[in-house]
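A.B. asks: Chains as they are written, first to last, in the working numbering: chain X, 1 to 117; chain D, 1 to 637.
Simulated from the structure, these hints should not be mistaken for laboratory data.
Values in this document were obtained by computation on a predicted structure and should not be read as measured data.
Think of the CB as a built atom: it goes at the ideal place given N, C-alpha and C, for glycine as much as any other residue.
Watch out, some of these pointers could steer you wrong.
Take a look, some chain D residues computed to stay more than 12 angstroms from chain X by CB distance [what the hints assert, rightly or not]: (1) L47; (2) E61; (3) E68; (4) R102; (5) A103; (6) A190; (7) V252; (8) F276; (9) R318; (10) A348; (11) L439; (12) D455; (13) I525; (14) P632.
Mimicking EDC-like on lysine to aspartate or glutamate, the simulated pairs with C-alpha atoms at most 20 angstroms apart in a straight line are [said to hold, decoys possible]: (15) X/K77 to D/E63; (16) D/K628 to D/E501; (17) D/K628 to D/E587; (18) X/K59 to D/D64; (19) X/K74 to D/E33; (20) X/K59 to D/E61; (21) X/K77 to D/E587; (22) X/K77 to X/E21; (23) X/K74 to D/E587; (24) X/K74 to D/E63; (25) X/K77 to D/D39; (26) X/K18 to X/D32; (27) D/K628 to D/E244; (28) X/K77 to D/D64; (29) X/K74 to D/D508.
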Amino acid sequence: MKIETDLMRGAGPAAVLKLLERRPMYGYELVDALDRATQGVLAMGQSTLYPLLYNLEAKGLIEGYWRQADDTGKERKYYRLTPRGRKRLAADARQWRRLTAAMSALGVVSFVPGVAR
Amino acid sequence: MNAHAARASRLARLLRAPLSALVRGRLRHRWPEMIDASDLPPTLRELASQVVARTRLWPGEREDVARELCAHFADGLCLGRSADDLARSFGDPGAAARMIRRAKRRSRPLAWILWVRAWQALGCVLALLLAVYVVLLARFAAGEPTVARNFTREMNERILATRPEDRAWPVYARVFINLADAILARTRDADGQQIDLWAVRPGQPHWDELVRVLRAHAADLADLRQATRLPAQGLALSDATPPELHEWSRRVAAEARQPEPVFAPPSDNPFLVTVFIPSLGHARTMARVLCADARLALTEGDPDRALDNWTATLDLSRHQLEHPVLIAALVSVAIDALVFDEVGQALADQAEALGDAHLARLVHRLAAVPDMPLARALEGERAFFLDFLQRAYTDDGSGDGRLTPAGVALMDGLAGEGFGAEPRAGPTQYVAGAGLLALDVGRRRVRQEHERVLDAMLRHADTPLWRRPPLTTTVELERLASDPIRSASMKPIALLTPALEKAAQQADLHAAHRDAAATAIALEIHRRRRGGYPATIAGLVPDFLPAVPIDRFSGDPFGYLPAGAPWSKGKPVLYSVGANLQDDAGELVGSNPRPAWQTRETLDRWKAVNDPRLRDPAYQGDWILWPKPPEPEKPAE
Numbered sequence: 001m002k003i004e005t006d007l008m009r010g011a012g013p014a015a016v017l018k019l020l021e022r023r024p025m026y027g028y029e030l031v032d033a034l035d036r037a038t039q040g041v042l043a044m045g046q047s048t049l050y051p052l053l054y055n056l057e058a059k060g061l062i063e064g065y066w067r068q069a070d071d072t073g074k075e076r077k078y079y080r081l082t083p084r085g086r087k088r089l090a091a092d093a094r095q096w097r098r099l100t101a102a103m104s105a106l107g108v109v110s111f112v113p114g115v116a117r
Numbered sequence: 001m002n003a004h005a006a007r008a009s010r011l012a013r014l015l016r017a018p019l020s021a022l023v024r025g026r027l028r029h030r031w032p033e034m035i036d037a038s039d040l041p042p043t044l045r046e047l048a049s050q051v052v053a054r055t056r057l058w059p060g061e062r063e064d065v066a067r068e069l070c071a072h073f074a075d076g077l078c079l080g081r082s083a084d085d086l087a088r089s090f091g092d093p094g095a096a097a098r099m100i101r102r103a104k105r106r107s108r109p110l111a112w113i114l115w116v117r118a119w120q121a122l123g124c125v126l127a128l129l130l131a132v133y134v135v136l137l138a139r140f141a142a143g144e145p146t147v148a149r150n151f152t153r154e155m156n157e158r159i160l161a162t163r164p165e166d167r168a169w170p171v172y173a174r175v176f177i178n179l180a181d182a183i184l185a186r187t188r189d190a191d192g193q194q195i196d197l198w199a200v201r202p203g204q205p206h207w208d209e210l211v212r213v214l215r216a217h218a219a220d221l222a223d224l225r226q227a228t229r230l231p232a233q234g235l236a237l238s239d240a241t242p243p244e245l246h247e248w249s250r251r252v253a254a255e256a257r258q259p260e261p262v263f264a265p266p267s268d269n270p271f272l273v274t275v276f277i278p279s280l281g282h283a284r285t286m287a288r289v290l291c292a293d294a295r296l297a298l299t300e301g302d303p304d305r306a307l308d309n310w311t312a313t314l315d316l317s318r319h320q321l322e323h324p325v326l327i328a329a330l331v332s333v334a335i336d337a338l339v340f341d342e343v344g345q346a347l348a349d350q351a352e353a354l355g356d357a358h359l360a361r362l363v364h365r366l367a368a369v370p371d372m373p374l375a376r377a378l379e380g381e382r383a384f385f386l387d388f389l390q391r392a393y394t395d396d397g398s399g400d401g402r403l404t405p406a407g408v409a410l411m412d413g414l415a416g417e418g419f420g421a422e423p424r425a426g427p428t429q430y431v432a433g434a435g436l437l438a439l440d441v442g443r444r445r446v447r448q449e450h451e452r453v454l455d456a457m458l459r460h461a462d463t464p465l466w467r468r469p470p471l472t473t474t475v476e477l478e479r480l481a482s483d484p485i486r487s488a489s490m491k492p493i494a495l496l497t498p499a500l501e502k503a504a505q506q507a508d509l510h511a512a513h514r515d516a517a518a519t520a521i522a523l524e525i526h527r528r529r530r531g532g533y534p535a536t537i538a539g540l541v542p543d544f545l546p547a548v549p550i551d552r553f554s555g556d557p558f559g560y561l562p563a564g565a566p567w568s569k570g571k572p573v574l575y576s577v578g579a580n581l582q583d584d585a586g587e588l589v590g591s592n593p594r595p596a597w598q599t600r601e602t603l604d605r606w607k608a609v610n611d612p613r614l615r616d617p618a619y620q621g622d623w624i625l626w627p628k629p630p631e632p633e634k635p636a637e
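Using the sequences and the hints given, assemble the complete structure.
C.D. replies: Spelled out as structure tokens, the structure:
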């Protein structure tokens with residue numbers, strides 16, 4: 001299901017921050033994780049992800065670093081959440097909960113955790 | 001290696017690297033080599049190159065992006081995806097490059113961001129200014145003046161209403177032409193220096209030559225005297241040489257070996273500034289001829305002719321005032337001064353040649369010489385300015401308007417560039433004119449300001465010289481001319497306002513000169529009737545003078561030495577305290593120069609600081625009014 005661009009613009013950064021909350025990840029890994037975790041709803045092309053990552057990096061919410069990959073031995077750029085990023089993630093999460101509750105109260109959604117329509 | 005350690009390593013390498021290597025590294029784009037050196041298939045290498053190239057980022061930033069994209073595609077290949085699939089799923093390279101560029105620029109240093117914002121702000125300001133300028137330029141270029149009045153015709157109305165038989169000008173022109181040979185002759189002394197023939201006095205070299213010329217033109221001089229008694233001169237203002245003077249102009253050009261002049265017909269409505277009054281120069285010459293003939297008449301024992309010549313000269317002077325312009329008034333007082341000098345000289349050297357009746361006629365005639373008509377002269381100056389306004393500004397029907405290209409061309413013409421019959425603005429004037437329009441205060445305001453300045457000058461001139469304060473408008477005009485912003489809008493005022501302060505001083509000197517001549521006559525009459533000169537100047541009042549003559553500089557009566565001075569040959573001396581406002585008992589300094597006026601405050605200030613300007617002869621001693629002192633002896637070489 002294709003999500004409207006405006007909705008993606010708000011959801012994309014929060015989704016990436018959430019993924020990075022668990023552990024540092026590299027670009028391709030993030031693309032793959034977004035696709036699988038959301039069953040394709042938040043799938044975004046590489047041409048969209050990298051600008052998103054650079055924006056988050058410019059805002060100081062994540063930081064990138066190069067290190068040798070364990071599996072291939074080649075250098076990759078990993079991204080991890082910064083303390084500021086954690087605060088932003090917490091704030092975004094609160095907003096999403098309130099938004100979802102509001103939409104649920106209106107009957108726009110009937111909230112089912114873990115299931116995407 | 002963590003990020004901190006990586007940064008430290010980079011810093012260590014940076015510090016150890018030679019400068020040349022650093023420059024090469026910073027300026028040379030290494031990302032194409034990075035992409036080529038990767039193990040990616042050609043499709044992905046091409047895609048990565050496209051994206052990186054289109055980002056148009058700094059070299060270092062492009063290297064980061066290239067490195068990351070190569071790593072990304074390598075990860076995809078490692079996970080079993082094909083190059084084509086990766087390329088398809090990447091997205092639009094152009095859009096990706098734009099978004100990457102935007103995002104990477106946000107990470108740039110604050111100083112760079114501020115620098116870019118500053119340039120953007122400057123660009124916005126310049127764009128706004130340019131837009132405003134374009135609007136002003138369009139408005140300026142569209143401006144056209146409306147020439148509604150013919151000021152030349154208006155000023156000529158009274159002259160043209162004069163009957164032809166009442167006009168003296170044709171006679172003046174004819175006499176002038178007849179005297180052309182004598183006027184153009186270059187009389188030289190033994191050393192080859194050109195001498196002024198009309199100034200030669202009896203007993204001086206070249207007196208015989210002057211006598212010869214005057215006698216040869218006796219009939220012309222008689223016609224000239226007759227013409228001065230006519231009601232008016234009758235020469236209309238024009239921008240063309242009067243036909244009566246065409247022959248004179250040809251003679252002058254031939255004398256100077258210049259091409260024969262071409263006489264254009266008069267314009268119907270010429271710009272007043274371009275009209276000329278040829279009678280002024282010719283009148284001064286003829287006045288000097290009449291005064292020379294008066295000297296001859298006295299030596300020939302013909303005081304009636306001498307008196308007729310002096311009277312005719314004063315009438316010739318009055319004729320010049322038919323044009324209400326300042327230059328005509330100045331020429332008139334200069335002609336009057338010739339008569340005052342001649343009368344004074346005659347009273348000093350040949351008083352017995354004039355009978356009592358002559359003296360009586362003379363004193364009455366001098367009493368009829370009016371003060372310099374400054375107010376009337378300003379009529380012409382106002383007309384000049386109004387004519388300029390109508391040719392330089394638009395007319396919105398309510399007395400206001402804006403500056404036009406023609407106006408800018410006129411202002412440049414007035415400032416010395418010159419202009420033709422139809423002043424046209426060039427490209428630089430259009431460019432400058434749009435800027436002038438932004439500073440323009442409008443036709444009405446310029447006119448009001450001009451009126452204010454003229455009225456202030458006139459009020460100032462009406463104040464007696466001994467009470468006259470500094471003229472603030474003169475200082476104001478000087479400041480106006482030097483202020484680049486105000487001068488743009490008020491430039492016409494600075495260009496077209498006459499130096500009325502100087503003219504007002506001329507008016508005072510003229511009055512002093514006239515009063516001195518009349519007083520000298522009164523002294524002579526007193527001597528003849530009472531057997532001597534009065535002890536004080538007040539002794540002439542009321543039998544010989546209606547009032548005590550006033551020294552224009554001090555406001556006190558004329559200085560008077562009844563016993564005269566060593567150089568005055570027994571004649572009493574009349575004097576003014578002069579510019580230094582100090583009564584030096586008739587002390588003569590040098591060649592008795594005309595004093596230069598300054599306010600009391602200015603003089604006190606100069607005295608307090610011992611200003612070197614006080615050493616100018618014009619500020620020293622007293623100004624001798626009568627009799628004329630001898631010329632100082634020239635130092636031996």
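A.B. asks: Can we trust that D/A348 is non-interface, i.e. its beta-carbon lies farther than 12 angstroms from all of chain X?
C.D. replies: holds, 102 angstroms
A.B. asks: Is the Cα-Cα distance between X/K77 and D/E587 20 angstroms or less?
C.D. replies: violated, 105 angstroms
A.B. asks: For the pair supplied as a hint, X/K59 and D/D64, confirm whether the alpha-carbon distance does not exceed 20 angstroms.
C.D. replies: Distance of about 18 angstroms is within 20 angstroms: holds.
A.B. asks: Taking 20 angstroms as the top limit, are the C-alpha atoms of X/K77 and X/E21 close enough?
C.D. replies: holds, 17 angstroms
A.B. asks: Is the nearest CB of chain X more than 12 angstroms from the CB of D/E68?
C.D. replies: violated, 5 angstroms
A.B. asks: Say whether it holds or is violated: D/E61 keeps its Cβ farther than 12 angstroms from all Cβ of chain X.
C.D. replies: violated, 10 angstroms
A.B. asks: Examine each Cβ of chain X, and state whether all of them lie more than 12 angstroms from the Cβ of D/L439.
C.D. replies: The claim stands: D/L439 keeps its Cβ more than 12 angstroms from every Cβ of chain X (closest is about 46 angstroms).
A.B. asks: For the pair supplied as a hint, X/K59 and D/E61, is the alpha-carbon distance within the 20 angstroms limit?
C.D. replies: Distance ~17 angstroms between X/K59 and D/E61 Cα, so the pair holds.
A.B. asks: Check the hint pairing X/K74 with D/E587 against an upper bound of 20 angstroms on the C-alpha distance.
C.D. replies: violated, 112 angstroms
A.B. asks: Would you assess whether D/F276, listed as outside the interface, keeps its beta-carbon beyond 12 angstroms of every beta-carbon in chain X?
C.D. replies: holds, 77 angstroms
A.B. asks: Checking a non-interface call: every C-beta of chain X should be farther than 12 angstroms from the C-beta of D/L47. Is that right?
C.D. replies: Per Cβ check, D/L47 is inside 12 angstroms of chain X; nearest 10 angstroms; violated.
A.B. asks: Run the C-beta distances from D/D455 to all of chain X and say if the shortest one exceeds 12 angstroms.
C.D. replies: holds, 69 angstroms
This entry does not satisfy hints 1, 2, 3, 4, 5, 16, 21, 23, 27 and 29, going by the numbered hints stated previously.
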